[in-house]
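Place chain B on chain A using the hints.
Listed in order, the protein sequences are those of chains A and B.
Numbering follows our numbering, with no gaps: position 17 of the first sequence is 17.
For our numbering, add 1000 to where a residue sits in the second sequence, where the first one is 1.
Since the hints were made in silico from the structure, they are not lab data.
Source: prediction; values computed, not measured.
Every residue, glycine too, gets a C-beta built ideally from N, C-alpha and C.
Take the hints with a grain of salt, since some may be wrong.
Label-pair restraints from in silico Cβ distances [what the hints assert, rightly or not]:
hint, chain 1, residue 1, chain 2, residue 2, range
1, A, Ala55, B, Gly1451, 36 to 42 Å
2, B, Lys1239, A, Thr113, 19 to 25 Å
3, B, Lys1154, A, Asp92, 36 to 42 Å
Heads up, simulated DSS-like pairs for lysine-lysine below, C-alpha to C-alpha not over 30 Å straight-line [stated by the list, open to error]:
hint, chain 1, residue 1, chain 2, residue 2
4, A, Lys17, B, Lys1426
5, B, Lys1247, A, Lys105
6, B, Lys1216, A, Lys74
7, B, Lys1183, A, Lys39
8, A, Lys112, B, Lys1276
9, B, Lys1183, B, Lys1426
10, B, Lys1285, A, Lys98
11, A, Lys106, B, Lys1276
12, A, Lys123, B, Lys1239
13, B, Lys1208, A, Lys17
14, B, Lys1247, A, Lys112
15, B, Lys1276, B, Lys1239
16, A, Lys106, B, Lys1285
17, A, Lys3, B, Lys1216
18, A, Lys106, B, Lys1247
19, B, Lys1285, A, Lys105
20, B, Lys1276, A, Lys98
21, B, Lys1216, A, Lys77
22, A, Lys3, B, Lys1208
23, B, Lys1276, A, Lys123
24, B, Lys1216, A, Lys17
25, B, Lys1285, B, Lys1154
26, B, Lys1276, B, Lys1154
27, A, Lys77, B, Lys1383
28, A, Lys77, B, Lys1208
29, B, Lys1175, A, Lys54
30, A, Lys54, B, Lys1183
31, B, Lys1383, B, Lys1216
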Amino acid sequence: MQKRTYAEIWGDVVDIKHLSYAIIIGLVVSVTFYIVGLKIIHSVMPDLSESLNKAYGLLIGIVGSLLSAVISAKLFKPQRIVNEGEGYVEEDRYAVLKDLGVDLKKEAELLKTADPQVIAEMKELGIYDLFTEKTEQKRQV
Amino acid sequence: MDLNMIVWAFGAAALGGIIFTFMGLISGTDETATIAPFTLLIILLGFPPVAIFSFFMAAVVSKHMTHAIPTALMGVPGDTMAVPLLDDSNALRRLGVPHIALRKMISGAILGAVIALPISVGFATLLVPFGDVAKAWAGPIFVVAAIIIAYTSKGKWASILALLPFAVFMQGMIKMAAAGNQKISICIFLGIAIGPMFADLVTYLSPKTRNNLLVKGPREFWLAPEMKGWKGWFPNPLKILTPRQVKYTSIASFISGLTFTFSPVGMTVMAGEAVKTRTAGFYQKHTGSLAVMNATTEATYIGETLIPLVAFGLPLSPMAVGPAAPLYNAPPVFTVEPLHNLHHVMSTGQFFLCGLLGVIVASIIAYPFAMNYARRASMMVLKYVSQEAIISMFVGLITVIAYYEAGAIGIAIAGTIAVFGGILNKYFGIHTGVQFMTFYASAWGIKALFGF
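Next comes chain B alone, as it looks inside the complex:
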């Protein structure tokens, strides 16, 4: 890596870190729906590969750190991954000490990230010899992966039943667009990511289902009072955790850094339970499990991003078919057919260095921010950033990118996929991960079944 590339990577990491330090504060923002479009954007704008990866890593790590703020201070999950942490953080919040929950969580996260990164890259290098086999069998592997991820989703058999229709649906649209000389894989992709929002809009518009979403009035939030229990700007995470918590957090991060096919939420719940059974005392149980659970999600994120990317170049993890999906599919830069993605343009060493850069930059931005400004920042977001504004921005973002790829029909296709994918997700538990994997499997699968 020459100096020019290092500057690119550093700048991109700072950009990702700043944008997603802010995004993490907005409670309930889904990782896939927010990180994927922005990553796609910088790929399409022509950022060099090292910058793309540093941006992505910094985005993931910083969003994960600041999402602990709404979780701890208000008892609303920062994103879907924060749901398992709610019980413990609520217990501490109700005792009037939410800031200790926040401190334990983000100290766990930073430790988890630092441990998981070398573990994931190391493990991925061990798997590289299997990479060629995996590439040769990419099509069938996607089909099997789609079936597995479908069965492990909330939809179970409904997800499996929906695989073929959804694949036919997507390939049908791809072929329709091809008739008009348009490529639409970004549109499909954006449609899947934004689906949950469309499902809510459709649900609201129908008088039959409207009542599910109606609420009496504005939502109330209780923001805990300010408290600062340390001196300085960048408190040492190893001192905020007790030696015992450091030990458990390290073990959990080590193990989760190796896993790349398990469900991140499942891993988090398991790690939390494991700590609770080994710890006595109310305070120790809750603070310990918060640190370990947040480190586990962080480490799983990193493992799930790096292992399939470095070892196979195939999107074979929930992360790779979620927030990291643009790293595999962002035509014309990265394509599924022929297989060409970040894996093919970066070396293992670059993945490690850029990953490290992303983690460090995100920590420098998000960690002291969360430690020092948590309360003030949540207040600003609650008071001045309306949900209407957020939706306005994402609607604009998605529309422009869809239009950029395929013109007006691109917008129509993104909307179509969003309506149907969103409904499958909201009412039948066929989540966006299943839908992305079906998309990857559909090209080979439809050809194998029907010959074209």
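Next up, chain A with everything else stripped away, as it sits in the complex:
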């Protein structure tokens, strides 16, 4: 297997070799579509004004650039590793809270007077107990 070079271009990781092919595909396909499109439209509708002819050509060129995206997407798979489901490691929520510098005693105190909708939301999300004093005491035991 040959060595692959990865780089971050325009905000995401690409395989450099793939990227250079993709750029060439984009250039060649789109410009060819535009130029050939202009010629075809001109021969089919010779009475069309020049600006309208160019506008139709542009539309065909855009179809070309969309096509080059489709070709590149088919040829070059994304350089991304997606972790989900079992691969999704859930962090210890208490560790996260500690890491974020949350004072759980104060939070529990505040929740006593919190808006009922907030409490309902937190219960529904299953994070209400995290913030209540009872669990805090339990953890300290």
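For chain B alone, coordinates are given in the frame of chain A:
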């Protein structure tokens, strides 16, 4: 507006909404680089003005809604405007509840859009009397605006120092192209928009700087598990936010709908801080500030688009020299010299109606999509849409439009501007907004300084 125009506006809004609901899912896509070329395209294709504006508004609003998906579910900013929201959404994501971050964000956005639209149009009508003065002094105003936007950019004095050289550079190219009977303002414009990508390519090609971009392997993403906490298709945003969050979101949207010269990122950070200091409790702080911050960006977008467009017809905001730039400069349809743009062909009432249509259509498309399909859609994009394909498409798009305007030299000029503008942006913080404003200021400025 007759029925024909309403159909046009509606169709264009749907088109913009669908394209940019998808674009928003691709993390890191810059607003200017994506929305500007597509808007330019429909202008050049001869869409009527009302359709152009509806398309643009729907595009902005829907992209802004779906960009919350990568931000919330993966912790990668959907676009540059999502960066201030990362801290809060990451805190909630790490607690295992990223979907609440997403819900609060897009509910805030929809509320922000609905509030900001009438506020912006109303405020713009108040400013209309100053519009004639502004038009008479357009040249000097652009120069002053360029200096201000340069100083407020990350480049500070470097941006100010670069103003004159960059203006000379652009006018030089315009005059060179004129010698060959070509007009190139679209090419310049595309070059500026695509600059950041070119800067990365140049950086990679030089062995001296290559290491800055090299990475060991594919990038890893962690996609949060699916969870749905409501019934139905179109959850009521007012119920997803608490009454307190609705209040803060409305205030923030009202204020940001009035502003059109501030930096959108700055406004967003400020709004978020303001809410956090007034809210107690970890959960309330994070969810509240996410709703308010996302509403603020949405409202600033709308205010910054509408106020300069409706009141002055001059591109005097970061938005107007960013994604909305083609609404001011898309020759031969819209031109800077003589001043002729969307402002001159649409009434205030039309701006309001088309804006509303854009917001409504975008909400109908993007909001339920984000609410119901967020996870599945991100998965599809991550697995099947490679960055290579996206770049391939944009390279093709830019090349064809440049060729359309000025033939082969057009491509060369777009590339030249992209290389130099991109480097100024990447290494010196002279961002695309500064470059666009310099472009607007350059015609009058160079003439005033050198007499031609």
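Consistency of the hints with the structure:
1. One distance hint, 36 to 42 Å for the beta-carbon pair alanine 55 (chain A) and glycine 1451 (chain B), holds here, with the actual separation near 37 Å.
2. Take lysine 1239 (chain B) and threonine 113 (chain A): their Cβ atoms lie about 22 Å apart, and the range 19 to 25 Å holds.
3. About 38 Å separates the C-beta atoms of lysine 1154 (chain B) and aspartate 92 (chain A), a value consistent with the hinted range of 36 to 42 Å.
4. With a C-alpha separation of about 23 Å, the suggested pairing of lysine 17 (chain A) with lysine 1426 (chain B) holds against the 30 Å cut-off.
5. Between the alpha carbons of lysine 1247 (chain B) and lysine 105 (chain A) the distance comes to roughly 28 Å, so the proposed pair stays at or under 30 Å and holds.
6. Distance hint between lysine 1216 (chain B) and lysine 74 (chain A) is fulfilled; the C-alpha atoms sit about 24 Å from each other, no more than 30 Å.
7. Using a Cα cut-off of 30 Å, the hinted pair lysine 1183 (chain B) and lysine 39 (chain A) holds, with the two alpha carbons roughly 22 Å apart.
8. Straight-line distance between C-alpha atoms of lysine 112 (chain A) and lysine 1276 (chain B) comes to about 19 Å, which keeps the hinted pair within the 30 Å bound.
9. Under the criterion of a C-alpha separation no larger than 30 Å, the hint pairing lysine 1183 (chain B) with lysine 1426 (chain B) is consistent with the structure, at around 28 Å.
10. Of the supplied pair hints, the one linking lysine 1285 (chain B) and lysine 98 (chain A) holds, its CA atoms being roughly 16 Å apart against a limit of 30 Å.
11. As the CA atoms of lysine 106 (chain A) and lysine 1276 (chain B) are separated by approximately 16 Å, the hinted pair is consistent with the 30 Å bound.
12. Of the supplied pair hints, the one linking lysine 123 (chain A) and lysine 1239 (chain B) holds, its CA atoms being roughly 16 Å apart against a limit of 30 Å.
13. For a cut-off of 30 Å, the pair hint linking lysine 1208 (chain B) to lysine 17 (chain A) stands: about 19 Å separates their Cα positions.
14. Pair hint lysine 1247 (chain B) plus lysine 112 (chain A) holds up; C-alpha atoms about 22 Å apart against a cutoff of 30 Å.
15. Note on lysine 1276 (chain B) and lysine 1239 (chain B): the hinted pairing holds, with a Cα-Cα distance of about 21 Å set against a maximum of 30 Å.
16. A threshold of 30 Å between alpha carbons decides the hint, and for lysine 106 (chain A) with lysine 1285 (chain B) the separation of about 14 Å falls inside it, so the pair holds.
17. Among the hinted pairs, lysine 3 (chain A) with lysine 1216 (chain B) is consistent with the structure: their alpha-carbon atoms are about 11 Å apart, no more than 30 Å.
18. This hinted pair checks out: lysine 106 (chain A) and lysine 1247 (chain B) have alpha carbons roughly 25 Å apart, not beyond 30 Å.
19. Proximity of lysine 1285 (chain B) to lysine 105 (chain A) is assessed by CA-CA distance (about 16 Å); at most 30 Å being required, the pair is judged to hold.
20. Among the hinted pairs, lysine 1276 (chain B) with lysine 98 (chain A) is consistent with the structure: their alpha-carbon atoms are about 19 Å apart, no more than 30 Å.
21. Between lysine 1216 (chain B) and lysine 77 (chain A) the alpha-carbon distance is near 17 Å, which keeps this suggested pair within the 30 Å criterion.
22. Proposed proximity of lysine 3 (chain A) and lysine 1208 (chain B) is supported: the alpha carbons are some 21 Å apart, at most 30 Å.
23. The hinted pair formed by lysine 1276 (chain B) and lysine 123 (chain A) meets the criterion: a straight-line CA distance of about 22 Å does not exceed 30 Å.
24. As the CA atoms of lysine 1216 (chain B) and lysine 17 (chain A) are separated by approximately 15 Å, the hinted pair is consistent with the 30 Å bound.
25. Pair hint lysine 1285 (chain B) plus lysine 1154 (chain B) holds up; C-alpha atoms about 29 Å apart against a cutoff of 30 Å.
26. Using a Cα cut-off of 30 Å, the hinted pair lysine 1276 (chain B) and lysine 1154 (chain B) holds, with the two alpha carbons roughly 26 Å apart.
27. As the CA atoms of lysine 77 (chain A) and lysine 1383 (chain B) are separated by approximately 8 Å, the hinted pair is consistent with the 30 Å bound.
28. Distance check on the hinted pair: lysine 77 (chain A) and lysine 1208 (chain B) sit about 29 Å apart at the alpha-carbon level, within 30 Å; holds.
29. Between lysine 1175 (chain B) and lysine 54 (chain A), the direct Cα distance comes to roughly 24 Å. Compliance with the 30 Å bound is thereby established for this hinted pair.
30. Distance restraint check for lysine 54 (chain A) and lysine 1183 (chain B): the Cα-Cα separation of roughly 15 Å lies within the 30 Å cut-off, and the hinted pair is therefore satisfied.
31. A C-alpha spacing of about 19 Å is found between lysine 1383 (chain B) and lysine 1216 (chain B), which places the hinted pair at or below 30 Å, so the restraint holds.
The earlier numbered hints are all upheld by this structure, with none contradicted.
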